[in-house]
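Student: In the order they appear, the protein sequences are chains A and B. For the first sequence, the working numbering begins at 1 and goes up steadily by one. For the second sequence, the working numbering begins at 54 and goes up steadily by one.
These are computed hints drawn from the structure, not numbers from a lab. Idealized CB from N, CA, C, for every residue including glycine. Treat each hint with caution, since some may be false.
[Stated by the list, open to error] Label-pair ranges, simulated between beta-carbon atoms: (1) N28(A) / R83(B): 25 to 35 angstroms; (2) D84(B) / M9(A): 51 to 61 angstroms; (3) N33(A) / E68(B): 54 to 64 angstroms; (4) D131(B) / N33(A): 18 to 28 angstroms; (5) L190(B) / L10(A): 36 to 46 angstroms; (6) D178(B) / R26(A): 45 to 55 angstroms; (7) M9(A) / V162(B): 33 to 43 angstroms; (8) I31(A) / K134(B): 22 to 32 angstroms; (9) N123(B) / Q25(A): 35 to 45 angstroms; (10) V8(A) / R118(B): 40 to 50 angstroms; (11) L10(A) / L128(B): 18 to 28 angstroms; (12) I31(A) / P58(B): 15 to 25 angstroms; (13) E40(A) / L174(B): 18 to 28 angstroms.
[As the list claims (entries may be wrong)] Output of the computed footprint for chain A on chain B, the stretches with three or more beta carbons under 8 angstroms from beta carbons of chain A: (14) 70 to 81; (15) 109 to 123; (16) 126 to 134; (17) 158 to 167; (18) 184 to 194.
Each chain, letter by letter, is given below.
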Amino acid sequence: MKKFRIFVMLFFIFYSYSFAIAADQRYNLSIENSPVIGNEDAPVTIIEFIDYQ
Amino acid sequence: MEVGPTIDRLVKELEGKVKLVIKFFPYRYRDYSRIAAEAAVEAWKQRKFTEMHELLIKNSPRLDRESLINYAKKLNMDVEKFIKAIDNQEGASIIEKDLKLAKELDLYVTPAFYINGIKVLGVRDSEYFKEIIFRELENVKKK
């Protein structure tokens with residue numbers, strides 16, 4: 001029973017840790033050869049994957 | 054179709070601070086997804102991308118071939134060249150490149166956004182986007 005409790009605790013620690021990593025993850029995507037709307041030198045870049053239909 | 058206008062309005066509102074980069078992710082099983090993407094690529098080549106992008110979002114799902122040709126006319130594009138481009142799928146290399154990227158990223162819904170690399174999936178209101186954008190602007194200031 002004690003082992004089980006430790007297991008559950010460890011599980012939750014790793015579980016929340018993986019969320020913390022996911023929240024910080026940044027993807028580095030190339031914007032070459034894609035149309036741009038707005039100021040090319042803007043400090044914030046939003047890449048949108050769009051389906052017009 | 055709510056998200057397109059939201060994000061486009063934000064880009065206008067925060068003029069100069071935010072740029073929007075479009076990747077084409079036409080669903081395979083929808084009638085006009087692909088031809089609409091072709092129309093957007095050709096509009097880009099003719100330097101009318103922003104205008105066509107707005108028209109496509111505004112008029113979706115009216116994106117059949119005849120409607121697209123009408124939008125090109127409305128924007129004073131070279132219509133003959135436009136028709137040739139959408140009929141011959143001249144934007145295929147760009148669209149396929151984006152589709153390949155979407156696949157690599159394991160994307161299966163639109164819209165999908167990457168704000169300075171931070172992934173945001175699905176429909177969100179403008180407050181949600183603003184929070185991330187303002188945080189990013191703060192980070193830039195600190196540097």
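Student: Evaluate the given range 40 to 50 angstroms for the C-beta pair formed by V8(A) and R118(B).
Tutor: violated (59 angstroms)
Student: Please test the hint of 45 to 55 angstroms on the beta carbon pair from D178(B) and R26(A).
Tutor: violated (23 angstroms)
Student: Regarding D131(B) and N33(A), is the given constraint of 18 to 28 angstroms on their beta-carbon distance met?
Tutor: 21 angstroms Cβ-Cβ, so the 18 to 28 angstroms window holds.
Student: Is the gap between the beta carbons of I31(A) and K134(B) within 22 to 32 angstroms?
Tutor: holds (26 angstroms)
Student: Would you say the region 109 to 123 of chain B counts as covered by chain A, given the rule of at least 3 residues with C-beta under 8 angstroms?
Tutor: holds (count 5)
Student: Confirm or reject the claim that N123(B) and Q25(A) have a C-beta distance inside 35 to 45 angstroms.
Tutor: holds (43 angstroms)
Student: Tell me if the beta carbons of N33(A) and E68(B) are separated by a distance inside 54 to 64 angstroms.
Tutor: Violated, since N33(A) and E68(B) (Cβ atoms, about 24 angstroms apart) do not stay within the stated range.
Student: Three residues or more, CB to CB closer than 8 angstroms: is that satisfied between the region 126 to 134 of chain B and chain A?
Tutor: violated (count 0)
Student: How does the region 70 to 81 of chain B fare against chain A when you require at least three residues with a CB closer than 8 angstroms, holds or violated?
Tutor: holds (count 11)
Student: Could one say that the CB atoms of L190(B) and L10(A) fall in the range 36 to 46 angstroms?
Tutor: Taking Cβ atoms as reference, L190(B) and L10(A) lie about 39 angstroms apart, which means the hint holds.
Student: At the C-beta level, are L10(A) and L128(B) separated by a distance inside 18 to 28 angstroms?
Tutor: violated (60 angstroms)
Student: Given the range 33 to 43 angstroms, decide if the beta-carbon distance of M9(A) to V162(B) lies inside it.
Tutor: Holds - the Cβ-Cβ distance for M9(A) and V162(B), about 34 angstroms, lies within 33 to 43 angstroms.
Of the numbered hints given earlier, the model fails hints 3, 6, 10, 11, 16; all others are met.
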